[in-house]
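**Q** Required output: the full structure, derived from the provided sequences and hints.
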Amino acid sequence: MNEAQTSLISAETLRPRFRLFGVGNAGIALLDALATPEFASAELAAINTDATGLAATSAPVKILLENKLLRGLGSGGDPERTRALAEEQFATLRDACAGAEVVFILAGLGGGTGSGIAPVLARAAREAGALVLAFVTLPFGYEGDRREQQARQSLEQLKPAADGVICLPGQKAVRLIDENTGLLDTFRVTNGFLIEALRGVWQLLTRPGLIQVHFSDLCSLLRDRHVENAFACVEASGAGRSREVMERLLNHPLLDEGRALAESDAVLVSLTAGKDLTMAEVNRVMEQMKRQCGQAQIIMGAAVDPAIKDKLFVTVIAARQNPAPTAQALRLESRPGTGTSGTGTAAVREPAAARPVRNRPAKSKLVQSQLPLSVVSKGRFDQSEPTLHRGEDLDVPTYLRRGIPLN
Amino acid sequence: MFNQDNVIAGLEIGTSKICVVVGELGLEGALNIIGVGQARARGVRKGEIINPGQVEEDLRTALFEAEQMANLEIRSVFLGVTGSHIRGFNNRGVHPVLSADREITTDDVEDVVKNAKAVNLPADHTVIHAVRQHFFVDGQDGITNPEGMLGARLEVDMHVIHGHANRMQNAIRLVRGTSLEVDEVVFTGTAASLALLTNEQKELGALVIDLGGGTTEYVVYAGGVIRHSGVLAVGGDHVSNDLAYGLKVPLSRAEKLKLEYGSALPVAAAKGQTVSLTNELGLELKRINVEHLQRIMSLRLEEIFQLIAQDLEQAGLTDYLRAGVFLCGGGSRTPGIVELAENVFQMNVAPGHASAISGLTTALDQPEFAAAIGLVKFGSLKLRKRAAQPSFPRRLLDTGIRTAFGRFFTQHN
Numbered sequence: 001m002n003e004a005q006t007s008l009i010s011a012e013t014l015r016p017r018f019r020l021f022g023v024g025n026a027g028i029a030l031l032d033a034l035a036t037p038e039f040a041s042a043e044l045a046a047i048n049t050d051a052t053g054l055a056a057t058s059a060p061v062k063i064l065l066e067n068k069l070l071r072g073l074g075s076g077g078d079p080e081r082t083r084a085l086a087e088e089q090f091a092t093l094r095d096a097c098a099g100a101e102v103v104f105i106l107a108g109l110g111g112g113t114g115s116g117i118a119p120v121l122a123r124a125a126r127e128a129g130a131l132v133l134a135f136v137t138l139p140f141g142y143e144g145d146r147r148e149q150q151a152r153q154s155l156e157q158l159k160p161a162a163d164g165v166i167c168l169p170g171q172k173a174v175r176l177i178d179e180n181t182g183l184l185d186t187f188r189v190t191n192g193f194l195i196e197a198l199r200g201v202w203q204l205l206t207r208p209g210l211i212q213v214h215f216s217d218l219c220s221l222l223r224d225r226h227v228e229n230a231f232a233c234v235e236a237s238g239a240g241r242s243r244e245v246m247e248r249l250l251n252h253p254l255l256d257e258g259r260a261l262a263e264s265d266a267v268l269v270s271l272t273a274g275k276d277l278t279m280a281e282v283n284r285v286m287e288q289m290k291r292q293c294g295q296a297q298i299i300m301g302a303a304v305d306p307a308i309k310d311k312l313f314v315t316v317i318a319a320r321q322n323p324a325p326t327a328q329a330l331r332l333e334s335r336p337g338t339g340t341s342g343t344g345t346a347a348v349r350e351p352a353a354a355r356p357v358r359n360r361p362a363k364s365k366l367v368q369s370q371l372p373l374s375v376v377s378k379g380r381f382d383q384s385e386p387t388l389h390r391g392e393d394l395d396v397p398t399y400l401r402r403g404i405p406l407n
Numbered sequence: 001m002f003n004q005d006n007v008i009a010g011l012e013i014g015t016s017k018i019c020v021v022v023g024e025l026g027l028e029g030a031l032n033i034i035g036v037g038q039a040r041a042r043g044v045r046k047g048e049i050i051n052p053g054q055v056e057e058d059l060r061t062a063l064f065e066a067e068q069m070a071n072l073e074i075r076s077v078f079l080g081v082t083g084s085h086i087r088g089f090n091n092r093g094v095h096p097v098l099s100a101d102r103e104i105t106t107d108d109v110e111d112v113v114k115n116a117k118a119v120n121l122p123a124d125h126t127v128i129h130a131v132r133q134h135f136f137v138d139g140q141d142g143i144t145n146p147e148g149m150l151g152a153r154l155e156v157d158m159h160v161i162h163g164h165a166n167r168m169q170n171a172i173r174l175v176r177g178t179s180l181e182v183d184e185v186v187f188t189g190t191a192a193s194l195a196l197l198t199n200e201q202k203e204l205g206a207l208v209i210d211l212g213g214g215t216t217e218y219v220v221y222a223g224g225v226i227r228h229s230g231v232l233a234v235g236g237d238h239v240s241n242d243l244a245y246g247l248k249v250p251l252s253r254a255e256k257l258k259l260e261y262g263s264a265l266p267v268a269a270a271k272g273q274t275v276s277l278t279n280e281l282g283l284e285l286k287r288i289n290v291e292h293l294q295r296i297m298s299l300r301l302e303e304i305f306q307l308i309a310q311d312l313e314q315a316g317l318t319d320y321l322r323a324g325v326f327l328c329g330g331g332s333r334t335p336g337i338v339e340l341a342e343n344v345f346q347m348n349v350a351p352g353h354a355s356a357i358s359g360l361t362t363a364l365d366q367p368e369f370a371a372a373i374g375l376v377k378f379g380s381l382k383l384r385k386r387a388a389q390p391s392f393p394r395r396l397l398d399t400g401i402r403t404a405f406g407r408f409f410t411q412h413n
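Chains as they are written, first to last, in our numbering: chain H, 1 to 407; chain W, 1 to 413.
None of these hints come from the bench; they were simulated from the model. Treat the numbers as computed from the prediction; the structure is a model and nothing was measured. Cβ coordinates follow ideal geometry from the N, Cα and C atoms, glycine included. Watch out, some of these pointers could steer you wrong.
Straight-line alpha carbon distances no greater than 27 Å define the calculated BS3-like cross-link-like pairs of lysine-lysine that follow [stated by the list, open to error]:
hint, chain 1, residue 1, chain 2, residue 2
1, W, K117, H, K290
2, H, K378, W, K382
3, W, K114, W, K382
4, H, K275, H, K309
5, W, K382, H, K311
6, H, K290, H, K275
7, H, K311, H, K290
8, W, K286, W, K117
9, W, K117, W, K382
10, W, K17, W, K248
11, W, K286, H, K378
12, W, K385, W, K117
13, W, K114, H, K378
14, W, K271, W, K248
15, W, K114, H, K290
16, W, K286, W, K256
17, W, K17, W, K385
18, W, K385, W, K202
19, W, K17, H, K378
20, W, K286, W, K248
21, W, K382, W, K17
Quick look at which bits of chain H chain W covers, simulated, 3 or more residues with Cβ under 8 Å [unchecked claim]:
hint, region
22, 214 to 221
23, 277 to 287
24, 392 to 404
**A** Written out as structure tokens, the structure reads:
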């Protein structure tokens, strides 16, 4: 642990070592999509419980997690089994992460392998001294409640274990795709969204920048916040490109037409363009972002890539404060057997964990519903939507609400 | 009869009645109301359609009546929409002027307006109106047209009225189903204020309240522009319902009692007075205390005004209403309503009259028609704008006569 820390300091001037892990079939599919020259400097590794799935990938490092129970035939969609397996092989995972400064975890949550292993891998990577950023997809609606639930559960475990989580619910992406798109294309497009985000982050971190963004900036933005689907990458070219880029950004479906920006409390903006990138363009984009984001803390980076001609890429990651960021973390740590030496690191990394937190997980927004106690029939308005004004039902006669007697 | 280019129809699907008003735009640009049709609405609650079949039937009746009176066929209408889902608010858009010479161009103006419209609406809402209020150039207030001025920072205040897209689409689809075209969707509150207020009143500051059957719309004008708008899903239906509940009579009877004995302020003469309800044979069924009736009614109407007054107070607009309050809609026929409103708002209140429009005086004098007349007026403003821009292709280029008409207008306006 200490060794890793010192090496991080000494390697600061060098390019940090990145390692990309694809976990489970979906994760490996994402990983394969990334096997382009752009990511040549990254070390790709695939982790699976299914030997056949692993054989097909082009990743140079393949890790097959198996024991007698699974026999290398996959997880059978049960994350509990794979979690146990990953805990069992915790040392293997930690070794696999050793030496890397930054670990990216790509996984599709909801199934057995990704959901079970990703959180454990994140913890292992942290123990090996790496910063961890997870890119995950959530299942589509048609995949059923069980997978949805498994995915949510896994996401909750992943959030405290990783430094940052960027996730894309499949259902949300599906709405952006034409109905008649083939199934394969649908997967490709949804993966494409995530890869776009990954590429944006990648460019941000690896390209020599006019205004450099360090990975630590990114982590400080994401820590305790995490991102659910509020990221976007857009590009434009031509004379009015800065204006066009903002327009596309504000119309981007993943940003809810700009709503996500207004609701966020920390935003990372990265601009990449060719040598013709002007300060005025950076200024124009940032001015607009500032206006859209209101109070949010903005981290910006601008990079120049001579290979790009005439195009301007903008990547935006908007993070929102998690209402109960560490409740899950505490729970995870207090669980016997899981937090060995890892708990110490986690506590150091997350100062928020020291704060007193309620032990109950945060519930979704409470909605005050009306108890069917009222004896006042609403007559004509019985079937229609009640007219509520500051908690009063205006359909009820005024004199009754004000308690004015008629005698 | 043959050239219908200057004919404008307004359709309001209200909670209590469906009404169609037909107007003709004279050659000098004066608007003349030539036809009115109305039908009792059955399938509407709180301004929103709950039974499309019935509404369609009623709509056809109203249309037929209006077409008969105006002696022409209505092809398209300006449709009024209302409902509790409609909201209005002010938003400011900012745009930095980036050109080297700092001159504000048409593009800059378009951009700043677009910025102001890019508001955080709920996902399922769409913008009905976005009205420019004022531009600011480098913080300088009150500029109506900044084009050609010099500045570094252009801002605009807009009033944006938006509503639930699907709910509005219900009405639009229904109208399209009767082989009518919908020219544009207009918030009925805006329409009513267009019909009632003169330019001076808008400049001075005025509040228009449309007391409808199921909803009450209100719009505030100050300094010549819309400053505030809102909808309360409370109206005349609620008064009847309160009476039916409080006096323990059927709703239809309550409705009649309301029209016959109703008052917005309890009248001293009504104290102790009773009315007996009889059946068809003349036998007495029930005695109704008129004082109670008026008290129930007064409380409800007072509450409506109070809610509006509270809302204006919050928006900080109470001191801007120097022209006072104008009432329209069926509810404004209630005896004593002006006095009640004066008590609540503490300012001048007047029943509104459709102004600056000529034509059928019977229609113009009725407060119920204010919104529908306003729709026609809204249409006439749009038509004039179109005529002034021959480049607008849709209407003007499809026949030769229309093109000629368009040219005529550009020459004479």
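**Q** Each hint needs a verdict: does it hold in this structure or not?
**A** Structure-based check of each hint:
1. At most 27 Å may separate the alpha-carbon atoms for a hinted pair to count; K117 of chain W and K290 of chain H meet this at roughly 17 Å.
2. In summary, the hint linking K378 of chain H to K382 of chain W is not supported, as the alpha carbons are separated by about 42 Å, beyond the 27 Å threshold.
3. Of the pairs offered as hints, the one joining K114 of chain W and K382 of chain W holds, with about 20 Å between alpha carbons and a cut-off of 27 Å not exceeded.
4. Of the supplied pair hints, the one linking K275 of chain H and K309 of chain H holds, its CA atoms being roughly 8 Å apart against a limit of 27 Å.
5. For a cut-off of 27 Å, the pair hint linking K382 of chain W to K311 of chain H is broken: about 41 Å separates their Cα positions.
6. A distance of roughly 25 Å separates the Cα atoms of K290 of chain H and K275 of chain H; the hinted pair therefore holds under the 27 Å criterion.
7. Note on K311 of chain H and K290 of chain H: the hinted pairing holds, with a Cα-Cα distance of about 22 Å set against a maximum of 27 Å.
8. For the given pair, K286 of chain W sits about 57 Å from K117 of chain W by alpha-carbon distance, which is inconsistent with the 27 Å threshold.
9. For the given pair, K117 of chain W sits about 20 Å from K382 of chain W by alpha-carbon distance, which is consistent with the 27 Å threshold.
10. For the proposed pair K17 of chain W and K248 of chain W, the alpha carbon gap of about 25 Å is at most 27 Å, so the pair holds.
11. Distance restraint check for K286 of chain W and K378 of chain H: the Cα-Cα separation of roughly 22 Å lies within the 27 Å cut-off, and the hinted pair is therefore satisfied.
12. In summary, the hint linking K385 of chain W to K117 of chain W is supported, as the alpha carbons are separated by about 21 Å, within the 27 Å threshold.
13. With a C-alpha separation of about 44 Å, the suggested pair K114 of chain W and K378 of chain H falls outside the 27 Å cut-off, and the hint is violated.
14. Of the supplied pair hints, the one linking K271 of chain W and K248 of chain W holds, its CA atoms being roughly 19 Å apart against a limit of 27 Å.
15. For the suggested pair K114 of chain W and K290 of chain H, the alpha carbons sit about 17 Å apart, so the restraint of at most 27 Å is met.
16. Using a Cα cut-off of 27 Å, the hinted pair K286 of chain W and K256 of chain W holds, with the two alpha carbons roughly 15 Å apart.
17. This hinted pair does not check out: K17 of chain W and K385 of chain W have alpha carbons roughly 31 Å apart, beyond 27 Å.
18. For the proposed pair K385 of chain W and K202 of chain W, the alpha carbon gap of about 20 Å is at most 27 Å, so the pair holds.
19. In summary, the hint linking K17 of chain W to K378 of chain H is supported, as the alpha carbons are separated by about 22 Å, within the 27 Å threshold.
20. For the given pair, K286 of chain W sits about 10 Å from K248 of chain W by alpha-carbon distance, which is consistent with the 27 Å threshold.
21. For the given pair, K382 of chain W sits about 26 Å from K17 of chain W by alpha-carbon distance, which is consistent with the 27 Å threshold.
22. Coverage of a stretch by a chain is defined here by at least three residues with a beta carbon nearer than 8 Å to that chain's beta carbons; for the region 214 to 221 of chain H and chain W the count is 0, and the condition is violated.
23. Check result for the region 277 to 287 of chain H against chain W: holds, 3 residues qualifying (beta carbon to beta carbon below 8 Å, three or more required).
24. Under a criterion of three residues with beta carbons nearer than 8 Å to beta carbons of chain W, the stated coverage of the region 392 to 404 of chain H is upheld, 8 such residues being counted.
In this structure, the hints that do not hold are numbers 2, 5, 8, 13, 17, 22, in rising order.
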